[in-house]
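Position 544, counted from 1, in the sequence shown is what my numbering calls 539; the numbers after and before it change by one each time, with no gaps.
Everything labelled a hint here was simulated from the structure, so no lab data went into it. One thing to keep in mind: the hints can contain errors.
Unchecked claim - Straight-line Cα separation of at most 20 Å, EDC-like style, residue types lysine to aspartate or glutamate; simulated pairs:
(1) LYS257 with GLU434
(2) LYS379 with ASP400
(3) LYS257 with ASP227
(4) LYS539 with ASP489
(5) LYS505 with GLU181
(6) LYS190 with ASP241
(7) LYS142 with GLU181
(8) LYS215 with GLU155
(9) LYS236 with GLU95
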Amino acid sequence: MARKNSARLVPAVALGAIVLAHPAHAQIAKDDVLAESDDAFGTTVGLESTGIYTDRDTRGFSPLDAGNVRIDGIYFDQASFLTNKLRQTTAIRVGFGAVETPFVAPTGVVDHRLRPFPKDMGGSLSYTRYYYGGAFYEGEFRVPVVKDRIAISGGYGYSEFGQSDGAQSVSWGVTLKANIRVGRFELAPFYGGGKFTRNDAKVIALVSDGYLPEVTPTNKYLGQDWARGAHDHGNYGATLKGSITDHLYFRGGLFHSLANKKKSFSEIYRIQADDGRSLHYVLADPPQQVNSTSGEGLFVLHYRNDRTQHRFYAGYRARDRVTETDGSDFINLGSAIFGQYDRIAKPDFQFTEVNRGRVKQSSWLLGYVGFLKDVGQINIGLQKARYRATITYGETGEVGAERADPWLYNAALRLNVAPHLIAYAATQRGLEDSGLAPESAINRNEQLPAARSTQYEGGLRYDFGKAQLVLAAFQITKPNFGYDADRRFVVLADQRHRGVEFSLAGHFDKRFDILVGGYLMDPSVNGPGRDAGLVGPRPTGVPKFYGRLDASWHTGLPGATTFTASVEHLGARPATATEFAHLGGKQLMLPSVTTLDLGSRHVIPVGPTTLGVRMLVRNLFDAKAWHVPSPDVLFTRHRRSLLIVASLDF
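With the hints as constraints, model all of the structure from the sequences given.
Right, here's the structure in full:
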């Protein structure tokens, strides 16, 4: 399943308000993600993101759902978003960007980098006028308590804002982080969390019958006025890094991530005809917990001289995740017209016992990375994994179990084949998460079994001096999940993504930056489910072509005025898993869509401080389109909207 995300100033828009409401970064008006990007494969600085890949979609798969997340290079099982008041940048490590990464996974790595030790005392206040109305109010502080030894930083945020479909959200959050240096080691404990006191149900268009409705008008909320969810979210833990001897280094961390629902709703319209005739359902969930404790300890033995470098890795990583699902009440509202209001008085809910899933996974790690100056690099990793999953069904008490003990590996070779020209080849075999079953499945939100995945890739990179061109080819194979005859979301076939990708990153003098990237891909599905007609030949939501251009022009005008522009093209992609007779034996397809974003950035001196202003018009021509988060499920994509951010630094 792909989750192509086009909302680049607030990552992971497909998750709805759960992700969108996190506190914004006070420095957003000054953040220049283009200047920080070495390629077009995905970088986030503050709230601004660029490039063709995100944590929800990398080569057609989600590295976040796959569990391939790191904090400062340390394994982290992420159950809730990591606020960007804690993280400085997030990069998608794939292709050339992953050649030096130890124990890289087939779907790529989401690499969060926490904010470093603050050198100076300071802080900021900011106000954000959100795209579809509402506002963020934020503040942060940085205090070096003991110079170069102890520092504390933190922040707060409060938000009230709407989504393109009219859903509303209210939330608050706080962060606190310390940096403590003792001898050669640095300990960095942190906390980031808060509450969503209101989180309106996302309205879902279910197209499992093969009919495509009209996109609803902006800010028209079709959900119930009482379907307002609430949940807690948070991440806390600590990292520890430092030198034991001149040649032996340690880095490790222990983390806890939670997304605990107090109440939750799903609003589903099952589309029965192209004119919007549908069956209307509401699902109400009891309190449910999703939380994970994870961590890693890694020793690195390193030697270097003028010509060579050697790094030997040995370590251990583990996670313990609990996911509660089901216990829901199903409310049938009968026939409706999608796009028209269909509301009822709030009923009394009849909940049942929740199901409780638990995943325990660990790996012993051995690896080597070697460098030979002007020749190349090698990266080899070996893991012995242990996977144990259980689910206890609340109504019956029955217990299901799954286990696996595979050997996993990664290998990469990079060669300097000519001046300014580098080639690489790599392969990985992993045991990756498969995310949660979608809202439309009988086993909705259930933790899916881990997937054995394999990737082969290779490419070329040429450095022009002020620009860098990357061309690469890849093939990823993973299990394909779909709906069986009982609408359970299970493994039905194999899914293969074979394609080529390119990136051109140019930083021309101090005024002009450009990123151009894209991919051509042949995504396919084959196996028993395909033979039985349960799934079609293409995976849902995955286009054969995707391209993006980002550019910024530093004008030199007063106020450090910078103009920005982004053009995105998303190719045609299947909306359904299955084929339909009334469509000529084909899957329901969504048409391609192209959008244009225009913006500006200004930094204005105000006495002893500075005022930063960021403005962005997203989807200037108001192109209508659907987003496909999972098979047969559609959300409204972003429409034309305006963002204004003002931040005052002191």
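Cross-check of the supplied hints:
1. LYS257 with GLU434: The given pair, whose Cα atoms are some 17 Å apart, holds under the 20 Å limit.
2. LYS379 with ASP400: holds, 7 Å
3. LYS257 with ASP227: At roughly 7 Å apart (the allowed maximum being 20 Å), ASP227 and LYS257 satisfy the hint.
4. LYS539 with ASP489: Satisfied, since the Cα-Cα distance of roughly 18 Å is no more than 20 Å.
5. LYS505 with GLU181: violated, 35 Å
6. LYS190 with ASP241: violated, 45 Å
7. LYS142 with GLU181: holds, 14 Å
8. LYS215 with GLU155: holds, 17 Å
9. LYS236 with GLU95: holds, 19 Å
Comparing the model with each earlier hint shows violations of hints 5 and 6; every other hint is respected.
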